[in-house]
Amino acid sequence: MFYYGACYYPEHWTAAQVEKDIALMQKARFNVVRMGEFAWTKFEPEQGRYRFEWLDSAIKALHEAGISTVLCTPTCIPPQWVYAKHADVLQEKADGTVQHPGSRCHCCKNAPAYQMLSEGIVREMAKHYAKMEGVIGWQVDNEFGCHGTTRCFCDHCKKAFREWVRERYGSTDAVNEAWGTSFWGFDFHQWYEIPLPRTMPAGPNPGHWLDFLRFSSDSQVGFQKIQYDLLKDLCPGHFVTHNCMGCFPDIDYYRLSDYMDFPVWDNYPNQAGDPLYESYAHEITRSFKGHYWVMEERSGTTGDASAGLMGEQPEPGEIRRWAWQSSANGADGIVYFRWRACLTGAEQYWHGILDHDSKPRRRYREVRQTGKEFARLAAALEGTQVVPKVALIRSFDTLWSLERQPGAVGFSYDRHCFEMYRAVKRQGLSCDMVSMDARLDGYVTVLAPSLSLVDETVAASLAAFVRQGGTLVLTPQSGARTMSNAMWDLPRPGLLAEMVGATVEEVRPYHQGQTNEISFARGSLIAQVCAVGTWVELLECDTAEALAEYRDEAFKGKAAITRNEFGEGVVYYLGVYLSGHILESFLRDALPRPFVEGISEGLEITERTGENGRLVFVVNNTAERKSVTLPGEFEELLTGETVGPNLKVSGNGVVVVRA
Amino acid sequence: MFYYGACYYPEHWTAAQVEKDIALMQKARFNVVRMGEFAWTKFEPEQGRYRFEWLDSAIKALHEAGISTVLCTPTCIPPQWVYAKHADVLQEKADGTVQHPGSRCHCCKNAPAYQMLSEGIVREMAKHYAKMEGVIGWQVDNEFGCHGTTRCFCDHCKKAFREWVRERYGSTDAVNEAWGTSFWGFDFHQWYEIPLPRTMPAGPNPGHWLDFLRFSSDSQVGFQKIQYDLLKDLCPGHFVTHNCMGCFPDIDYYRLSDYMDFPVWDNYPNQAGDPLYESYAHEITRSFKGHYWVMEERSGTTGDASAGLMGEQPEPGEIRRWAWQSSANGADGIVYFRWRACLTGAEQYWHGILDHDSKPRRRYREVRQTGKEFARLAAALEGTQVVPKVALIRSFDTLWSLERQPGAVGFSYDRHCFEMYRAVKRQGLSCDMVSMDARLDGYVTVLAPSLSLVDETVAASLAAFVRQGGTLVLTPQSGARTMSNAMWDLPRPGLLAEMVGATVEEVRPYHQGQTNEISFARGSLIAQVCAVGTWVELLECDTAEALAEYRDEAFKGKAAITRNEFGEGVVYYLGVYLSGHILESFLRDALPRPFVEGISEGLEITERTGENGRLVFVVNNTAERKSVTLPGEFEELLTGETVGPNLKVSGNGVVVVRA
Amino acid sequence: MFYYGACYYPEHWTAAQVEKDIALMQKARFNVVRMGEFAWTKFEPEQGRYRFEWLDSAIKALHEAGISTVLCTPTCIPPQWVYAKHADVLQEKADGTVQHPGSRCHCCKNAPAYQMLSEGIVREMAKHYAKMEGVIGWQVDNEFGCHGTTRCFCDHCKKAFREWVRERYGSTDAVNEAWGTSFWGFDFHQWYEIPLPRTMPAGPNPGHWLDFLRFSSDSQVGFQKIQYDLLKDLCPGHFVTHNCMGCFPDIDYYRLSDYMDFPVWDNYPNQAGDPLYESYAHEITRSFKGHYWVMEERSGTTGDASAGLMGEQPEPGEIRRWAWQSSANGADGIVYFRWRACLTGAEQYWHGILDHDSKPRRRYREVRQTGKEFARLAAALEGTQVVPKVALIRSFDTLWSLERQPGAVGFSYDRHCFEMYRAVKRQGLSCDMVSMDARLDGYVTVLAPSLSLVDETVAASLAAFVRQGGTLVLTPQSGARTMSNAMWDLPRPGLLAEMVGATVEEVRPYHQGQTNEISFARGSLIAQVCAVGTWVELLECDTAEALAEYRDEAFKGKAAITRNEFGEGVVYYLGVYLSGHILESFLRDALPRPFVEGISEGLEITERTGENGRLVFVVNNTAERKSVTLPGEFEELLTGETVGPNLKVSGNGVVVVRA
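So the sequences go chain by chain: A, B and C. To get our numbering, take the position in the first sequence, counting from 1, and add 19. To get our numbering, take the position in the second sequence, counting from 1, and add 19. To get our numbering, take the position in the third sequence, counting from 1, and add 19.
Among the hints, a few may not be true.
Note that the list lumps identical chains together, so a pair holds whenever it fits in one copy or between two copies.
[To be verified] The calculated DMTMM-like cross-link candidates involving lysine to aspartate or glutamate, where the alpha carbons are at most 25 angstroms apart (straight line), are:
#1 K112 <-> E212
#2 K177 <-> D114
#3 K378 <-> E559
#4 K104 <-> D174
I should point out that these hints are in silico values taken from the structure, not numbers from a laboratory. No experiment lies behind these values; they were computed from the predicted model shown.
Please take these sequences and the hints and turn them into a complete structure.
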């Protein structure tokens, strides 16, 4: 079933208004709303006194209108009575600054009082709603870690971190060994000596830091697990999820997803300047468990609560296009944020489908049209999903390591992963975004951009994939570090050197916008020259062949890019950061063939397949008309017409063909 | 009587030096000095032991030389013995950082010990100086809120804020309703639950925040009131004032002025790059009570105490011109800051009339010349004042709301008010700068730029003004919010919609420098086209006519500017932010006719009127010679010559004619 | 003896690796290593239990290989057991933020527990190593004040500061007088009232601030003294030093050097964009006591621990050139940082001679070649030293005063000193960098750039130097302040006015990039015109003659640069900041003649002289070939060939001739 609806807050409005709202929702073909994520103070105005009637009536009225409810646990914002009794639930920043109440996300997930009270309200809600008609599932809390709150430095966290470290390492000697505490005399002999990496004069120990980030992520995972277990136990018929934030870097969503039936995410397009960045986030989220929803889909201006700014209006056609782009990348539900802009509170400028005055305007009309379209295609979509032949390894461990120590000015691991992703996507190929420990069999090509942290298990997994005929693409900084964030005492790329068939003779960070030139000696880019910068590695080939070499006199004979046959497969190693068209061209040799080739910039083509066949989506992510050549004539499902081979797609247009 | 003098610090110098200083002051025709504002430690070196002799002798010597004294209460900087006994008088920032002693303004106005000790020293001074010859008035404290100290987050303030909220709302339910605490689950059931809006992960609740700003401003007002009441009681013959800071945004100076006989302000020109910005501040201050002084008029380099920078030297002629510009906008007293640069302390680089070595140089000579001129015109100025036909509503509530939530990147309420003011001023018209609750009868035109916070009272006041024949000019964001900083659940401009005769169909913040074009369909700008950005509102006319429309295909037919006849008057609504020449041209239709028309850029023309007639001031705010056509021949009062109709004004020149 | 080696960390590696390392060191002709500076936790893993065996074996193995050891006291980083017992050893920032353990330099030098424990470990080490073969000297701690830790605001420092002030002034009245506490009512009557200049609303009192900086510097000096006295007492045969940081501004290295046998510094070239900036730092360090080493010489990428960035690779030839540049400016020892990049810890990216994988690559080969060269020249270098005829006064008091209150935007005292230094150096002259209280006899020319703080002693010293025939060059802001950081109540340049023969009529800070023009009326620049900015002083000549005047109409007749004959000597006063070529040309008249004239940009020429004659070094600080004309033919010591008069020097090339 395809879910379509909005986030809704009956606690902000009168019963009369709710009635009017439901009528408008029905016209837009809504079948779901999400409710309750910040309403703890409404549910439990005094400790132990519970009030659910206000929500029950809304759920009932919606259900009667054919609209199901996804409930949220409201643990993100405890009621005010909590702080008077338990001031120690408030987070602390690295410098000791307390995160005070008044907004959200200020509580420490390791604070015992917060954990206890959270479990209490979730248990009561679960008991109350387990059998209520209309309720179909749960979102735990809301956007863990939002506003930089994943990492807390309070005393509860200090104790919890020591426990976490003890559990991971067993002895302080093992900690000393893993973190390499010999450097800057940081040895531990007692567990109680282990500090949090708080404000300090210079940078922290990388092993200490990475483990603190893992611990901070695990603290969120642990909080999710408590609620997940409770909800699955008390509400066996309901699904449980959490709304992730796309490329949000602070939480290992692969681990978090262990305690969800499927993940959802909150999609606010046009924030990174490239529509494929949203696809990147869609595919990241889908890859956690193979299915997902968009739980907050933009339907108006955003409204930055900190800066007090109203974002731009969606242009006509964009709301519909974003929804279809979501579906095209695998979303099985689309829930707009929010039904109507709130009159009060920090997000006054965050518009929903309706403005403050409730008058339905062009955004509502577009949502209604889209609702009708999804209703028409619901059967066709049923059972289909995106199933890529390409995977990209995006490792949270590496992200955390390189975000702290990027090496070169301007290097961003996430941006580099996106550049690589984009080059795949531009070929018309979807891409699973997998963790280091993912199973790789079934993929034709695996990209592992700047996979810095590598141990024997990862190296063996990659080697096995290649030996069995896979194609692997590696880029600079690969294999430099152990899982403890130490440097390997091996020539780069460390444990990957054998499959690469080459080693790094010298790494050269370029900080002043300095660049170098490489020329391609083989492959489809032969004789081309391109400038490279940021970070350059001089390679020495062993069994590999050089595909590109440096033109600089000083580096004569050093390879920049190599290709090595290994087992039945091939390993490419890029000692330089390519991007844009040159990267797209370069990768073509390493990738499988897509359904459509030569896709012009701005068009996005994806496939959802299932037992009932294959749907191909053509989404025009621009405001201009675009054309594309399909491999034949096909039935277009939104219009029922036959299209192709020459297809014109209007600005913000969407075409869905059965192929 | 026109007052002319300087801020003076006898506590910094020897008696012999004071004697020499007074002789130089007399030559410059001084008749007033201001003294004592940071000298608490001199007055009360130990708790309860008072020492006034050092100042008495200076007052006496000055008085004998014909120079009166304005005394300051020294409460801005308590003596060092205070902190050892009462560490809790120190302010706290939002993140908990304590404001330590060593500079100034570090005490919390809600700290009981600070209040008690302040009252003590003021009482002793008032008793001591009530009848002393030469003393004519008092400045309470100094520049409340300077260096960002209006808002304190200490525990005393937390308690005081809770009291303030309780007094305002009566019940926590009323608070919940006003602030809209349903958003982000922020309900209160006990007074002790109400927090200060301290450091928190995301932005604060706008109602909570606005009330905290009101409370912070009221805390200053309350501190002023205590001293005002005491001084008026003990020194019935003295005036009482406080030195405001022009456009300083943190304190509601309208309310503060309730506890002054007249306000004064501190004028440091050339800090905003436009000489009319000083006029803007002059008119703001004058409008508090109709009369004012400049209590600190720049006479040398400034000297940034935090950055350790020396400001630029006044160019030859500028000190005189600033003094005359002050008078031309209504100042009845001009007190230079400061007599001489201090040898020590944080403002070593803040030069006065004299340099550190006391040698009179060109700045002294210019002050002396200006003193003679004011002496010559004293009789003519007597009883005159600036009496504008135009008023501009500049609301502290709206300022505080929009400074926190400007909506669009780069929008500044104060800057917009100044743009509007400037367009009036450029026509040769002065302008009262009034609060929302001002009486509007008597004005021909009222401008209410971006008057976001509007309730029934304000709407009724504006409607009455228009109905009786007034012209009202409104600009974007008008009427969007309630007085509680909630959004109205009405189409914008909310309660003003009827008089505007149009509503806003869509607001469009433009963040990326994006612009749009409008074309004028009627009025004096007909057929002109201009680019608009920052924030654009698409208007739907009801009874209004469209003066300008959007040219963009997508907004075809949407109005950008409207004009509506309402009662006997007219309401203009600008859905776009105009500025510069186009704004000046547009407003011409809405404004009364000035004494002189077609004033070239850089000239400023004002009038002071009284029972004895009318003085017209022509001030050349540039270094280049300018010319202007007067409506006839007039007597020039500085030279005694007849001038006009063609008048040339030298660079930095000043002309005063009797008209 | 010329020392050559590297910083080495046997605690990071296995014994087997140490053995291999020593073999490679021998091939590079090493005769010294530095060890132990962060190893307190290895030396004293539990309080009072000492472990030295791990280091003893390394010292022994090195000694047997002909490599001596400089030991460091490890007080920079106490073991973790310290914090559990003594949390009060941690530094506090001005806003109260605690500096937590996890990196380095976080302890307060005034904390009694830290002082006691530091003395304990140093005493044990000194006793243990006093007679051990191979150990030749000690470095106390490491880079005092690194990462902004010179200044601590904890309660221990508050008490120590009060003691320091009491010792300096004797009475609070004297403090009030010196600091000028009358300004902003800051008088003290009890010692316990004196605060630290912590976070406050506006800038601090300059006298208070300067004394706090002096105190902070003295706190480092006192810490050095304790260890120096202890080591000299227990290890009479060893030298004692500390590794300074070149132009590091926070510690008065002149005073610190009182407790060293000779200073050393840590040289990381190419951080200021001008190779002469390293020479500047070399000459600063040499001038402390006449001799010095480089204790950390760059041999690889740097690795910013805070930003997580890897610096640029030394280009081929640079490591060798930097070493020779060090020697050419007087270094008697060169110790590379570090032997090998560490696998763990915050400086993972800080490469040494070897990479993480220990494979000797081009950097090792260059170090080995350079080692052979130094071995060849060791005898010739023996007993020689740089002995300049020019001195530049670089005052820490003035630096501290002007860093807090630079007066003009963009003015930097250190940068100005460097500009002046550079203009001397570009003539082929070396320059001693001396303190205000240095003996000046023996110098031909003394430059005292922006010597703001001047008392009678300094003025008398400069006057005596000039009277006896010396040439003195002064620049803007000279003589403006007392030693207490008050302004003099005299016309600028205050006590220097008589010898200058002119006074300053007006100072003009230029903040907006505004400039002015001067034209030269006399001297070698006659008739030239040049633009001046930042800060301009209008001069009135008394006995001096004007060398340059302002061209601006408004300043007609005001001098910009003057020359005054005073006694047997000459005083130049520059009322403007000259730089680059114009400054070089201007200074030529004021400087002695060098060995070689007309040196092209990028070449550096220095001399070391001794009983055995004179060595002239020609270092090419660029990658391009350069030529220079020597005054005849000379023996080149690296090649043994005869060179000159026309000499070509290859890129990064070094030539050493006996002259």
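Right, here's what the structure says about each hint:
For the homomeric pair K112 and E212, the shortest alpha-carbon distances inside one copy (20 angstroms) and between copies (23 angstroms) are both at most 25 angstroms. Proximity of K177 to D114 under the C-alpha cut-off of 25 angstroms is found in both arrangements, the shortest distances being 14 angstroms within a copy and 21 angstroms between copies. Taking the shortest Cα distances, K378 and E559 sit within 25 angstroms of each other only across copies (14 angstroms), while inside one copy they are farther apart (67 angstroms). For a Cα distance limit of 25 angstroms, the shortest separation of K104 from D174 qualifies both inside one copy, at 17 angstroms, and across copies, at 17 angstroms.
This entry satisfies every hint, going by the numbered hints stated previously.
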